[in-house]
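S.K.: Residue numbers (the working numbering), protein chains in the order written: chain A, 1 to 116; chain B, 1 to 114.
Don't read these hints as lab results, they were simulated from the structure. The model shown is predicted, which means the values in this text are computed figures rather than measured ones. All clues given are correct.
To give an idea of the chain A side of the interface with chain B (calculated C-beta under 8 Å), a few residues:
| # | residue |
| --- | --- |
| 1 | SER42 |
| 2 | GLY43 |
| 3 | MET45 |
| 4 | TYR50 |
| 5 | PHE91 |
| 6 | ARG95 |
| 7 | ILE104 |
| 8 | PHE106 |
| 9 | GLY107 |
| 10 | SER108 |
| 11 | GLY109 |
The beta-carbon is built from N, C-alpha and C at its ideal position, and this holds for glycine as well.
These are the residues of each chain, in order.
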Amino acid sequence: AQKITQTQPGMFVQEKEAVTLDCTYDTSDQSYGLFWYKQPSSGEMIFLIYQGSYDEQNATEGRYSLNFQKARKSANLVISASQLGDSAMYFCAMREPYSSASKIIFGSGTRLSIRP
Amino acid sequence: EAGVVQSPRYKIIEKKQPVAFWCNPISGHNTLYWYLQNLGQGPELLIRYENEEAVDDSQLPKDRFSAERLKGVDSTLKIQPAELGDSAVYLCASSLEGEGDTQYFGPGTRLTVL
Numbered sequence: 001a002q003k004i005t006q007t008q009p010g011m012f013v014q015e016k017e018a019v020t021l022d023c024t025y026d027t028s029d030q031s032y033g034l035f036w037y038k039q040p041s042s043g044e045m046i047f048l049i050y051q052g053s054y055d056e057q058n059a060t061e062g063r064y065s066l067n068f069q070k071a072r073k074s075a076n077l078v079i080s081a082s083q084l085g086d087s088a089m090y091f092c093a094m095r096e097p098y099s100s101a102s103k104i105i106f107g108s109g110t111r112l113s114i115r116p
Numbered sequence: 001e002a003g004v005v006q007s008p009r010y011k012i013i014e015k016k017q018p019v020a021f022w023c024n025p026i027s028g029h030n031t032l033y034w035y036l037q038n039l040g041q042g043p044e045l046l047i048r049y050e051n052e053e054a055v056d057d058s059q060l061p062k063d064r065f066s067a068e069r070l071k072g073v074d075s076t077l078k079i080q081p082a083e084l085g086d087s088a089v090y091l092c093a094s095s096l097e098g099e100g101d102t103q104y105f106g107p108g109t110r111l112t113v114l
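Make a model of the complete structure from these sequences and hints.
M.R.: Now the structure itself:
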């Protein structure tokens, strides 16, 4: 069965530093998609970045990058130059197999707090 | 372009009362999802619609929960009767096939059952 694991329930980082949020996944399928979402205190889930299992290059979106290590089944989110507004819950998610007919499952999340 | 709209944002009811949540997806998105999110946890899928058809409702507690998406656009999720354990955030999301199936979420409805 597919599974997403986020082992860091909470993290504190100094403003302007880079931060890595860990995510490991378990799947027997070769075709899958990985997502990261941000959930601020307002409650809305904001899509950040996507990585397909067949993508050879790591996905990047502005200050966000996804460190995809397929053999280790890890999909860590890297935020460069953190800002106070980055304080939020972050969820890793997976769709397996990669098709519109499959559902997405979420990890338990990591609460990131940025210190000024 | 407007995002996913949900209403109400907050709802407080007494146990055994009925409650309904409404969701309007992003225009043109054919797939709509309802999720349940308990405090400190990730969202869990309740039901997924492809247009007006419910294609995955295996996690929906059908004894008290129901949902509909009659014209394949907006959707309503209902609980009747509500129980104390139903207190949670109910999230709606939508996606468009071919855009990586990325799901875009609404702000959610926070339900408190007293």
